[in-house]
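Novice: Here is how the chains run, residue by residue.
There are 2 protein chains.
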Amino acid sequence: MAEQAPAPGSRDGISRRGILGLFGAGAAGAVVGAAGGAGTAVAVTGAFGGPEASAAYDFHGTHQAGITTPAQDRLHFAAFDVSDSLDRAGLVGLLADWTDAAARLTQGLEVEEGGAVGGSDHAPPADTGEALGLPAAGLTITFGFGPTLFEDAAGVDRFGIAARRPPALQALPRFQGDALKAEWTGGDLCIQACADDPQVAVHAIRNLSRIAFGRASLRWSQLGFGRTSSTSTSQSTPRNLFGFKDGTANVKAEDGEALAEHVWVDAADEPAWLAGGSYLVARKIRMVIENWDRVQLGEQEQLVGRSKGEGAPLSGGTEFAEPDFEATGATGAPLMAATSHVRLAHAASNGGVRMLRRGYNFVDGNDQLGRLDAGLFFLSFQRSPEQFVTVQRSLASDGLNEYLKHVGSAIFAVPGGIRPGEHVGQPLFA
Amino acid sequence: MAEQAPAPGSRDGISRRGILGLFGAGAAGAVVGAAGGAGTAVAVTGAFGGPEASAAYDFHGTHQAGITTPAQDRLHFAAFDVSDSLDRAGLVGLLADWTDAAARLTQGLEVEEGGAVGGSDHAPPADTGEALGLPAAGLTITFGFGPTLFEDAAGVDRFGIAARRPPALQALPRFQGDALKAEWTGGDLCIQACADDPQVAVHAIRNLSRIAFGRASLRWSQLGFGRTSSTSTSQSTPRNLFGFKDGTANVKAEDGEALAEHVWVDAADEPAWLAGGSYLVARKIRMVIENWDRVQLGEQEQLVGRSKGEGAPLSGGTEFAEPDFEATGATGAPLMAATSHVRLAHAASNGGVRMLRRGYNFVDGNDQLGRLDAGLFFLSFQRSPEQFVTVQRSLASDGLNEYLKHVGSAIFAVPGGIRPGEHVGQPLFA
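For the protein sequence lines, the chains are A and B, in the order given.
Here my numbering is used: position 318 in the first sequence is 318, and no number is missing along the way.
Here my numbering is used: position 254 in the second sequence is 254, and no number is missing along the way.
Please note that the accuracy of each hint is not assured.
What the hints assert, rightly or not - Computed cross-link-like contacts, DSBU-like style, restricted to lysine-lysine with a CA-CA straight-line distance of at most 35 Å:
#1 A:K181 - A:K405
#2 A:K405 - B:K181
#3 A:K405 - B:K405
#4 B:K405 - A:K181
#5 A:K181 - B:K181
#6 B:K181 - B:K405
Said to hold, decoys possible - Label pairs and their calculated CB-CB ranges:
#7 A:G114 - B:G93: 56 to 66 Å
#8 A:L109 - B:G93: 52 to 62 Å
#9 A:G114 - B:R294: 14 to 24 Å
Claimed, not checked - So, partial list: chain B residues that the calculated Cβ filter (under 7 Å) puts toward chain A:
#10 Q199
#11 L218
#12 S221
FYI, nobody ran anything at the bench for these hints, they're computed from the structure.
Note that the Cβ used here is the ideal one computed from N, Cα and C, for glycine as well.
Can you make the complete structure from the sequences, with help from the hints?
Specialist: The following block contains the structure:
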């Protein structure tokens, strides 16, 4: 665990008193280290719920970073389509180039040494430069492979990997209420860039897109900001745009047993090349927040199954109390309503299924009726896509559905951690 | 100058060593106070260029906050249209309600005391709740009045204020290259919410929109992230998405003389009700960054007029050296090219005109060709709109125009500071 060197004394008028006052105002402050082979760093969880420091997470490790890494507060997610002209060697070359760049970017470096102010008479600068002078800002870059990478819509095995396709890597089934748009759905490849500074996340996606020029192109992308999940017990539970704490019962980085059971593809699972990896489900879920905002507090809480302030289950206790689904109130009705989100999403309603959620809030401006185009960009990591499918089917009777619209969807196999000198997904092509 | 109370001792494993290490890693750390009657607070300028602390700026003062306040790193800007059914008393009521809410929100409070978990059988919660538990995060809320508030498109004086319209408050003229879209242009009213946490800025715009329900509706809105201007000498100069430092020569909060000359409407200016206010110009400028990224470093620097790394004028010196527009190179050509952005935008090329710029970078996803929909959301405050018009006309021959497209535009009169017990723009309606 690398430790940031402290600067001696005060500087430029910062007094220790001022600094302590600053952190005293934050909700949760703790020096934390992420579990897992990759993604360890000293980071301070500050007032905004994410590591506010210039943390730099290891890029190499047993697992890719950006999964159990304490959820950073900003996201730039991008799905790519591989060019029709690219062959297997070309794809491997792209993955190798992406890997090299990502290893540097996550350490706060330019794509190439001196890249932002380099180039020649014949070549523009290798790095676009907008992150010059900024720290790593906790940047993680996580790569995924979509079903269409293995076999395109016409059934063509473009890269000679169809036989190695994970059997579970299939386009998600249609769920009740789905209103998916092609513009936010699917993709051959994905990159999840998370950081504590949006400029750093945007710089990463921009430069990786640029590296892919002529080989893969952006299909869709999404910016998000934090607060819809915590992935570490060191983080306070953030709030989604319904105003409720979200992710209280999330699988957390510190729970190695739960990670092994619910998140990481095991060496004994199929296919072997995906060992140490996971499956990523992305869902763009628009919230009809103007309607939600007209719902009374009691009904909001019934729909969610938790109190709005504390985030406690309506069956009693504090935030982290286990919901009691048997408990009934004076009328004999269950305190956790049958259609409450927490009940339907809970492992107890889904044969023990859990996921590691890592979503972000988004606001994409507003629609023509003056309603905020806002919602949840849901991201979950699981050992099998079936976990997501099970929970999502259970949520068919979720009372919250009246205020939700799923408009985008994608699934990716996320290869395991990357060793120095190798590229992401190398075992797939071995 | 209010001072945040420090929390005693360490908590939850934060060591002072860790905290100092954190700030030691930042580029510029300083306890700063904004100049002007409003917007003073203790804030720490951290690694990300903005105050990272839970700063709370005064809402009341001589000027509205959010102009000379050290530029926070996140923006949610919203333009509103007033409902056809609203009369003068209704408009005043809306402004009073907005003022009350903004005074609370900027102090890190809910719209109403206990608002997020309040309400009744007949009323939903007054606050949407997603900022519960978050600090003020340096939130400032700045209101502006558009030309159409004084006289609508049909020439109707809806609110009996046409006679008090500032003569200079006119829709901006069409500029060469303008490609404006109605969806990002105009507005009767605007609210600029800036904060160090996007969730706090979004919460403010969402709740103010909600308060306006039935009285005014969102016309357009824009999220942005920092780095395209610094408004205080305590801040390091951020970079725009061209990868260049931007705003080196900006009017800064510490230069009271320049503020008086270039930013604040004077009591002797017309109209008197706008004294202490300013004019806000908003321009949504898309950058064609994929093309820009193919330009060689030397040409990029010629187009801008500064070096990319240091941000120094090409006539020599370091970042803050004054450009020498007479200096020539070996070939006899000026070192600061005739079509360079810095030359054309500089006060020396515009009869001494300067502005306080406060823009933000934006990325709104990508277009169908896989190009990032990204650019600069330009915001400038000036004593007269003529200052912007002068500079924008000068920029007609800017070499950067090949990589820029102005797609949105709006202008607003920004009333002066608000006194406790009054509402924004009260002198206009007196």
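Novice: Can S221 (chain B) be said to touch chain A, with a Cβ gap under 7 Å?
Specialist: Holds. Min distance 5 Å.
Novice: Close enough to count: is the Cβ of Q199 (chain B) nearer than 7 Å to one in chain A?
Specialist: With Cβ-Cβ at 5 Å, under 7 Å, it holds.
Novice: Checking one constraint from the list: CA of K405 (chain B) to CA of K181 (chain A), max 35 Å. Satisfied?
Specialist: Cα-Cα ~28 Å, so holds.
Novice: Mind checking the alpha carbons of K405 (chain A) and K405 (chain B) for me, to see if they're no more than 35 Å apart?
Specialist: Measuring from Cα to Cα gives roughly 33 Å; hence the hint holds.
Novice: Is K181 (chain A) close enough to K405 (chain A), meaning Cα to Cα at most 35 Å?
Specialist: holds (11 Å)
Novice: Are K181 (chain A) and K181 (chain B) close enough, with their CA atoms no more than 35 Å apart?
Specialist: Given pair K181 (chain A), K181 (chain B) holds - Cα atoms ~24 Å apart, limit 35 Å.
Novice: Please work out if K405 (chain A) and K181 (chain B) have their alpha carbons no farther apart than 35 Å.
Specialist: holds (28 Å)
Novice: Indicate whether the distance between the beta carbons of L109 (chain A) and G93 (chain B) respects the range 52 to 62 Å.
Specialist: holds (55 Å)
Novice: Holds or violated: the 14 to 24 Å window for the beta-carbon distance between G114 (chain A) and R294 (chain B)?
Specialist: holds (19 Å)
Novice: Holds or violated: 56 to 66 Å for the Cβ distance of G114 (chain A) and G93 (chain B)?
Specialist: Hint holds: Cβ distance 59 Å, inside 56 to 66 Å.
Novice: L218 (chain B) was flagged as interface toward chain A. Is the shortest Cβ-Cβ separation under 7 Å?
Specialist: holds (4 Å)
Novice: Taking 35 Å as the top limit, are the C-alpha atoms of K181 (chain B) and K405 (chain B) close enough?
Specialist: holds (11 Å)
Taken one by one, the earlier hints all hold for this structure without exception.
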